[in-house]
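Trainee: Here the protein sequences come in this chain order: A and B.
Letter by letter, the first sequence follows residues -6 to 270 in the working numbering.
Letter by letter, the second sequence follows residues 685 to 1017 in the working numbering.
What the hints contain is simulated information worked out from the structure, not anything from laboratory work.
One or more hints might be untrue.
As the list claims (entries may be wrong) - Quick list of in silico lysine-lysine cross-link-like pairs, BS3-like style, CA-CA up to 25 Å: (1) B:819 <-> B:860; (2) A:78 <-> B:860; (3) A:78 <-> B:819; (4) B:816 <-> B:850.
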Amino acid sequence: MRRTDAIWAIAFEELSDRLRSRWIWTVSGLVLVTSLAITFLGTAPVGVVGASGSGAVMASLLNLAVYLVPLLALVMGAGVIIDEKRRGVLDLILAYPVSSSEYFVGTFVGYAAALSIALVSSFVPTGIVLSVTTGVNTGEFVRLLLLVLALGTVFLALSFLVSILSRDHARGIAVSVLVWILAVFVFDLALVGGLMIYPGDVPLALFGSALLLNPTDIFRLLAFSWVGSAASPLGLATVAPPISSAVLVVALGIWTGAALLVSHHLFIKRLATDRLV
Amino acid sequence: MIEVSHLTKSYGSVTAVDDISFRVEAGEILGFLGPNGAGKTTTMRVLTGYMPATEGRALVAGFDVFEQPIEAKRRTGYLPETPPLYPEMTVHEYLSFVARIKGVPGGEREQRVTSSMERTRIDDMADRHCGKLSKGYRQRVGLAQAILHNPDVLILDEPTAGLDPKQIIETRELIKGLAGDHTIILSTHILPEVSQTCQRVVIINRGRVVAEDTPDNLTARLRGAETVSLEMDTNGADPTPALSAVDGVTRVTVTPGAAGLSRTEVETVQGRDLRRDLARTVVTNGWGLLELRSMRMSLEEIFLHLTTEETDEDEGGADLATATASAAENEDA
């Protein structure tokens, strides 16, 4: 048996299990409805109703992703592994010819695939509507979608860490919401606050480095770079720190990898001492 | 087939399993007994590769559980106390998933799934969702997933817990039927299950093996004397002098009953069956013999004897010389 067979079997099972969940489709539907509403009503405040493919719509979709995707990913993974431990599934699966690392990787792949399917189901219909009814740049929309998937994957990795640290589903959800508030609201507010307290004293490079400490900001910076039409309406394209896309992509990768490595290390350690839950 | 040597598992300062050693021969059913918290589940988890041991070694079918875990797991089937089935899957889907994860080749999967369902008699439930199965059927599906890849070793944790009497009998028969083809460790605290199903018993308490032998040998080793119970009609005569005169009798206790009947317990020296001599004495004296039976120490009594004595020893009470000696003898063997 190839070692990847066990990983795929676990990933497929996790994927099927997630896709059977009504919760994921409810949230996915909510994202779809909201993105379509943005598409059709996003320019209502300026007196235009209807699909008006423009930078404003793309910017609104980008903001929607920043707020909802991390929350969806964090809550989705809130009870990952620990719920299986509580149900006894983990004990049984690890009695099969599967290593704990293979189980961990398979679970992450399954969750990431389920999240990706949910996000694609939410955003692709909006993209189709935009491309059919307006002259939206399809390439830009595809890039936005790829970034959305990357953002979801980063926060899914963080949710694994939160889950294993929390040892309890309810506590995991509470911590996830805190992480979300921190990443989406508090971090930027603190950064802006710092800039206001020390106006002109903060070098742009330092400001840029600080943004790398928050995956949602990395996502925003990448979106400004890859989805130009979304940046203009927000007026941010000109003030964004000059960080190359390659550095931003690597930074997103490091966030994902670091969260997974730390959570894997904790998983193995707590498994050995039977302190997962 | 299974060899556990000097296995220790500690959680920080707490030692759950303390230097235990035992062997299980091919085709044998070994009863793994112990009170709650004795270290049974921890030992099972180490043997199934769920967690590493702190010290010691465990071999399954010649493979070291810690050095070659995947090879050892390929030869092990595990039934947890409550099999965690996926409620949304049908029995067939669930077993197919297990076959895939256990690495059963694609071409053999369907045949293995069908065969395990037939052996556990759940083939009529193939299309039923696992979430809608009764406790008895859930247990059988658990057994089916354990034997699916035809492992050399089966580790069954409380396989009859929560079943009704009919299901218990069926499950025991099923387990007995698996012996020979598989080497089985049966963890339980239901003692009659052990005496009815297992050829050998390991009793652990507070993380240590306190006895390891066949149920019969344990009985013989632990009882200080044989006891024979008699119910007689002696017409009011005291049977003590006549019974005490039988060679080998060490003590006679008479409890008088109504209408000239009496219940008498006769203790004899260990290792001698005096039932014939006692029956002859009763008949020779012209008494009516209504009942004569040998009172053996039950496994419950052995279990209590061993696990309680160790507690007493820890508290400065009776010593555990007999039990630990028997465990040591077997380990040496």
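Trainee: Does each hint hold? Answer for all of them.
Mentor: Each hint, compared with the structure:
no.: 1; hint: B:819 <-> B:860; verdict: 20 Å, holds
no.: 2; hint: A:78 <-> B:860; verdict: 30 Å, violated
no.: 3; hint: A:78 <-> B:819; verdict: 21 Å, holds
no.: 4; hint: B:816 <-> B:850; verdict: 20 Å, holds
Checked against the numbered hints above, the structure breaks only hint 2 and satisfies the rest.
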